[in-house]
Amino acid sequence: MNTTHELFHSIQQLARQFTKHLNTALEPFDIYSSEWAILFVLKKNGPLTQKEIAEYLSIEAPPVTRTVKKLVEKKYVLQVKGEDKRTNKVFLTDVALQKYEEWEVAVLQANQELLAQLPVDSWVYLQQTISQWSQSLAIKEEKN
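Heads up: the sequence shown at position 23 corresponds to 25 in the numbering used here, and the numbers run straight through without jumps.
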C-alpha cells in the first residue's frame with residue numbers, strides 16, 4: 003500500500019476514534035461532538051451566521067443547518083434574523099451558557115485521557131505540525 007494512503011487512512015481512523023471518544027464523554031449531557039463543535043465556536047466567537055460557523059469549522063452548510071436545528075430544539079441556541087433578512091445569527095441561550103462549563107469539563111477530561119497516552123513533547127510537536135498544515139491548506143483554499 004502506498005505510504006500516503008496509509009497516512010491519510012490513519013488520520014481518518016484517528017479522527018473517527020476521537021469523535022467516538024468525545025461522543026462517549028458527552029453522552030451524559032445528551033449532546034454530540036458535532037453539537038459541541040458549534041457550541042464551542044459560539045462561546046469562543048459570539049453570535050455567528052450559519053455560513054460563518056460552516057467556514058470556521060471547514061464543513062459544508064447542510065450539516066451546520068441540521069445541527070443548529072437540533073440545538074434549537076434542545077433550547078441551546080436561538081436563531082435571530084439579521085439585518086439582511088436572508089441570514090440568521092445563531093446565539094447561545096442562557097440554558098447553554100449555564101451548562102457550558104459542565105460540557106467543557108467533560109471535553110477537557112476526555113482530551114486529557116487521550117493526551118495521557120503521549121509524552122508531552124510529542125503532543126506539543128503534533129499541535130505545531132497540525133497548525134502549520136492547517137494554515138497552509140487554508141492559504142491554498144483562499145488562492146483557489
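Everything labelled a hint here was simulated from the structure, so no lab data went into it. All values reported here derive from a predicted model rather than from experimental measurement. Be careful, since some hints might not be right.
Unchecked claim - For lysine-lysine, the following DSS-like pairs were computed, each having C-alpha atoms within a straight-line distance of at most 30 Å:
(1) Lys145 / Lys101
(2) Lys87 / Lys45
(3) Lys46 / Lys76
(4) Lys87 / Lys77
(5) Lys142 / Lys53
(6) Lys22 / Lys45
(7) Lys53 / Lys71
(8) Lys83 / Lys101
(9) Lys91 / Lys45
(10) Lys91 / Lys53
(11) Lys145 / Lys77
(12) Lys46 / Lys71
(13) Lys77 / Lys22
(14) Lys87 / Lys71
(15) Lys91 / Lys71
(16) Lys76 / Lys101
(17) Lys83 / Lys46
(18) Lys71 / Lys83
(19) Lys83 / Lys72
(20) Lys22 / Lys72
(21) Lys72 / Lys145
(22) Lys142 / Lys101
(23) Lys22 / Lys76
(24) Lys87 / Lys72
Unchecked claim - Label-pair distances were calculated between CB atoms; the ranges are:
(25) Gln111 / Arg18: 26 to 36 Å
(26) Gln129 / Leu99: 39 to 49 Å
(27) Ile141 / Pro64: 20 to 30 Å
(28) Phe10 / Ile141: 16 to 26 Å
(29) Val74 / Asn47: 13 to 23 Å
No residue lacks a Cβ here, since even glycine has one placed at the ideal position from N, Cα and C.
Original post:
For the pair supplied as a hint, Lys83 and Lys46, is the alpha-carbon distance within the 30 Å limit?
Top reply: holds, 21 Å
**OP:** Verify the proposed pairing of Lys91 with Lys53, using a straight-line Cα cut of 30 Å.
**Re:** Within the cut-off at roughly 10 Å; holds.
Original post:
Are the Cα atoms of Lys53 and Lys71 separated by 30 Å or less?
Top reply: Given pair Lys53, Lys71 holds - Cα atoms ~14 Å apart, limit 30 Å.
Original post:
Is Lys87 close enough to Lys77, meaning Cα to Cα at most 30 Å?
Top reply: Status holds; Cα separation ~22 Å.
Original post:
If you draw a straight line from the CA of Lys76 to the CA of Lys101, is it 30 Å or shorter?
Top reply: Holds: Lys76 and Lys101 sit about 12 Å apart, inside 30 Å.
**OP:** Compare the distance between the alpha carbons of Lys46 and Lys71 with 30 Å, and conclude whether the hinted pair is satisfied.
**Re:** Distance of about 20 Å is within 30 Å: holds.
Subject >> Assessment of proposed distance window 26 to 36 Å (beta carbons of Gln111, Arg18) >> reply: For Gln111 and Arg18 the Cβ distance comes to about 20 Å; the hint is violated.
Original post:
Lys77 and Lys22: Cα distance at most 30 Å?
Top reply: Cα-Cα ~24 Å, so holds.
Subject >> Hinted pair Lys142 and Lys53, Cα distance within 30 Å >> reply: holds, 20 Å
**OP:** Quickly compare the C-alpha distance for Lys91 and Lys71 to 30 Å and report which way the hint goes.
**Re:** holds, 13 Å
Original post:
Is the hinted pair Lys83 and Lys72 satisfied, with a Cα-Cα distance of at most 30 Å?
Top reply: holds, 18 Å
Original post:
Between Lys87 and Lys45, does the CA-CA distance stay at or below 30 Å?
Top reply: holds, 24 Å
Checked against the numbered hints given earlier, this structure breaks hints 1, 11, 21, 22, 25, 26; the rest are met.
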